[in-house]
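Participant: Here the structure of chain A is known, so what remains is to put chain B in place on it, guided by the hints.
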Amino acid sequence: MSKGRIAALLALAACALAPAYLGGYSLSVLDNIMTSAIIAIGLVLLTGIIGMVSLGQAAFAGLGAYASAYVALNFNINPWLTLPVALLAAAVPAALIGALTLRMSGQFLVLATLAWGISIFYLAGALPMFGGQNGLSGIPPLAVGPLVLATDRGMYPITLAGLAAVVWMSLNLLDSNFGRMIRTIRYGAAIGESAGANIFLLRLTVFTIAATFAGFAGWLYTFTLQFLDPGAFSLDNGIQYLFMAVIGGVSNIWGGLIGAAAYSLADRFLSGYLQQFFGQSFNVSAIFFGVVMLILMQTARGGLWPFIANFVAPARREVAPLAPIELPHAPPAGGRVLQVANAVKKFQGLVAVNDLSFEVEAGEILALIGPNGAGKSTIFNLITGLLKSTSGNIHFLGRDITAQRSREIARMGLGRTFQHVRLVPTMTVLENVAVGGYVRHRVPLWKTLLRLNRDGERRALTEAAYQLERVGLLLRQAELAANLSLGEQRILEIARALNGNPVLLLLDEPAAGLRFNEKQQLAGLLIALREEGMTVLLVEHDMAFIRQVADRVVVVQYGEKLTQGSVADIQRNQAVREAYLGVD
Amino acid sequence: MNFLIFGFLIQNALTTGAIYVLISLTLVSVATVTRIIYVPIGEIMVFAPFGLSVLMGGQVPGTVWLLMMLGGLAFLQDFWQMFQARSRHGWRKAVLLYLVMPALVAGFSWASAKPNVPFAIQLLAACAAPVALNPVLFRVAFQPIASATRLVLLIAAIALHFALAGAGLYMFGPDGLRTPGLNGVAFRIGLIPINDQFLLILGACLALITGMYLFFEYTMYGKALRATAIHRRGARLVGIDPDSASQVIFTIAGVVAVISGLLIGPLTTLFYDSGFLLGLKGFAGAILGGLADYPMAALGALALAGLESFSAFYASEYKDVIVFALLIPILLYRSWRQPAQLEEEHFE
Chain A
377 MSKGRIAALL ALAACALAPA YLGGYSLSVL DNIMTSAIIA IGLVLLTGII
427 GMVSLGQAAF AGLGAYASAY VALNFNINPW LTLPVALLAA AVPAALIGAL
477 TLRMSGQFLV LATLAWGISI FYLAGALPMF GGQNGLSGIP PLAVGPLVLA
527 TDRGMYPITL AGLAAVVWMS LNLLDSNFGR MIRTIRYGAA IGESAGANIF
577 LLRLTVFTIA ATFAGFAGWL YTFTLQFLDP GAFSLDNGIQ YLFMAVIGGV
627 SNIWGGLIGA AAYSLADRFL SGYLQQFFGQ SFNVSAIFFG VVMLILMQTA
677 RGGLWPFIAN FVAPARREVA PLAPIELPHA PPAGGRVLQV ANAVKKFQGL
727 VAVNDLSFEV EAGEILALIG PNGAGKSTIF NLITGLLKST SGNIHFLGRD
777 ITAQRSREIA RMGLGRTFQH VRLVPTMTVL ENVAVGGYVR HRVPLWKTLL
827 RLNRDGERRA LTEAAYQLER VGLLLRQAEL AANLSLGEQR ILEIARALNG
877 NPVLLLLDEP AAGLRFNEKQ QLAGLLIALR EEGMTVLLVE HDMAFIRQVA
927 DRVVVVQYGE KLTQGSVADI QRNQAVREAY LGVD
Chain B
11 MNFLIFGFLI QNALTTGAIY VLISLTLVSV ATVTRIIYVP IGEIMVFAPF
61 GLSVLMGGQV PGTVWLLMML GGLAFLQDFW QMFQARSRHG WRKAVLLYLV
111 MPALVAGFSW ASAKPNVPFA IQLLAACAAP VALNPVLFRV AFQPIASATR
161 LVLLIAAIAL HFALAGAGLY MFGPDGLRTP GLNGVAFRIG LIPINDQFLL
211 ILGACLALIT GMYLFFEYTM YGKALRATAI HRRGARLVGI DPDSASQVIF
261 TIAGVVAVIS GLLIGPLTTL FYDSGFLLGL KGFAGAILGG LADYPMAALG
311 ALALAGLESF SAFYASEYKD VIVFALLIPI LLYRSWRQPA QLEEEHFE
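Sequence order for the protein chains is A and B.
Everything in the first sequence is counted per the working numbering, starting at 377 for the first residue and increasing by one.
Everything in the second sequence is counted per the working numbering, starting at 11 for the first residue and increasing by one.
Read the hints as simulated data drawn from the structure, not as lab findings.
Glycine included, each C-beta is placed from N, C-alpha and C at the ideal position.
Among these hints, one or two may not hold up.
[Stated by the list, open to error] Per label pair, the in silico range of CB-to-CB distance:
hint, chain 1, residue 1, chain 2, residue 2, range
1, B, Trp-101, A, Ser-861, 40 to 48 angstroms
2, A, Ala-541, B, Ile-240, 46 to 54 angstroms
3, B, Ile-240, A, Ser-861, 33 to 41 angstroms
4, B, Glu-227, A, Ser-513, 54 to 62 angstroms
5, B, Gln-91, A, Pro-682, 24 to 32 angstroms
Okay, chain A solo, but in the shape it has when bound (with noise of 0.2 angstroms):
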């Protein structure tokens, strides 16, 4: 059992002993704490994860306590029966409200929360069925048997309960396939794609997960208090949750719990004795969380955890290599994997490709160079599906995927790796490498979060480990992949690709930037590949390089094809020497 592991226990079992030896007031804290913990942990899956910020997480989770007021006030029913209402109550919401606003980019989302934050808030003080800015009272207790859980002290078993839950799942979530997957988003949505994922369906799940984590905290909120207003689901509060996530440290689930006890115990502390000293109409807390704020902004932004992170070093695992059990993505014998025909680009007046027509064949190695300018990335971006065609049609495997979507196209057994080295500098070399066989390994959203993936995920381990054998690069696993030099980080670009089983393997630039032994590497690995049956496209630059691998090179000019042939021939060839050096 790691350190860390024991220490969370050791607190863990710390808080269940709380009522024992604890005040009322104090039990009241520790329970503030907790609700709010849970909520700042959901803004920690989406800040820190998948990079999203949102001011509207006090909506939901007030969502979830009015619905589940609202039912045990007006239905004869069993209060613990409202639990499920309120997780639907917020989740629903999240859902329809993420479908309509997670398509927004950065600060645009922002706003949205903002906006959807302020209107549920000013809904429910408008609406007559939740008591409008009086709220809701009366609202009857939960009870295990006889046993009436009302008051801070009855209450706080249950909340302790349910934060040890959220954050064990969230743990499990983000220790697992979707959780590697979903850490990649921050670094661009182009490393998920290409591996097949649907970004956008990965975005709103972590929101909707958030946001009933949000509305469990409101049904704590309820039971708790059995008195529910307006005013503690206000933007301010939403804000306040932020602020929470953001001093713990999202880039981490036990940041969210830091942050919250942090602001929790100096927001008591500074309106509980400075209030009195300076006069109720001071509010010490905002101007001192919001000095505080920018303090981090401008010198931790990482807030609390990276402090405590270097006593719990988390230790990174080995694997062993194994190969995968399903290829399912058979190269056709001697047939044509890509055909790329009349394929025409035009961003408004510029035609970036102009009628261009190529093939490339199963098992060999193709260049395509051409000047700078010549359209090449924009063919590169054609085929994998990031841009659409003006006109023209692109077949691969036979089929057409002119108007196919990126991950579609990478599902069907397509690899690429990119121009500028996209990888999450955070998780291992190991762990970068499985992102690429998240498709293979995906299984049900509850059985990751219940921890019942373990099967799935040791294969999907072993399967990178296997791929990372295959390039050379095994015994670096444990590495961050932050730490690998340039070289090693391209071929690490190969090996995720590798991982999701391509037919054929695109390679943007490979060698640029490359030392000259990591360059015979790469060369040498490419070979390799070709001698395993891999067809592989390559857009490069460095002549020396592509006279070692390619088995033919097709040139392009203004988005033109200008000639193709073997390397031999284009070396020749008067008109690429042109194109190139000029008319003399």
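Facilitator: Just chain B now, with coordinates in the frame of chain A:
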């Protein structure tokens, strides 16, 4: 609804609309130059009418002390930076903007906080501190993170709003304020009386918009700001200091906010935190213009005020729900209009 009520609602919509237009145009210009969504503009707005009432009561408003404190902090920040760089570059600006100017504002405020000082002087003094605060706030809160992502800047802006709202409560207390305005009726269209205050607001709004237009279009400073908006590093290469440019646009924002605050003072009871909601609505207009398009932002702000005015009449309970819920389809439309983004902007 009869014609009279309709006329009142339209007049009301145009009055608040004019204020929203000013705020939204200001937010757009700040956002284009600095990438910052200047959420605290709402606090700056209410500091002016509250400061005026304190001055008229013969006291120096707290904003003056706030300005001197933050000015001192900004000076120390600059001083430290100069010390680390072993350079005296920029010392004049540091002394003038962060020490001399707050001192002048303080002296002016102190001198005009007397019973027999003319109203116009007191008005100017009430404006001075909240305007001078803006470039100082930029230095203290945003300059160290000026090149961070938009999200980080937005969180910083929200944090600053939090702190300033707290400071506002401390300086001006929780009580509401209604400043005296022009009560006369200028003329009537049919039965509908057209108020002097309405004409004043409309006139001020048009004058400020024209002023901003002329500034951006015809002055060297304005052009420099536009250059900074288009490309920060490019502007630096041709000798424009983006930090100073940002401070100029913050100051302009301050001027507009302060005037808007004084204009809206007589129309509604202001509280220390009223500015936030007013700012948010101006903001909604700005978003309608995609935070980049001036005429669209102005139209958006007007449309929003109209919607607010009519929903206040028909369903006053749901006024704010309607206004803010409407933001979502607007945002959605805006983000669809934007070119597809493969890169996400993220926190950190």
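Participant: Confirm or reject each hint.
Facilitator: These are the hints, each one checked on the structure:
A hinted range of 40 to 48 angstroms holds for the C-beta pair Trp-101(B) and Ser-861(A), which are about 44 angstroms apart. Checked against the hint of 46 to 54 angstroms, the C-beta distance between Ala-541(A) and Ile-240(B) comes to roughly 51 angstroms, which is consistent with it. Taking 33 to 41 angstroms as the suggested C-beta distance range, the pair Ile-240(B) and Ser-861(A) conforms, at roughly 37 angstroms. The given range of 54 to 62 angstroms is respected by Glu-227(B) and Ser-513(A), whose C-beta atoms sit roughly 59 angstroms from each other.
A hinted range of 24 to 32 angstroms holds for the C-beta pair Gln-91(B) and Pro-682(A), which are about 25 angstroms apart.
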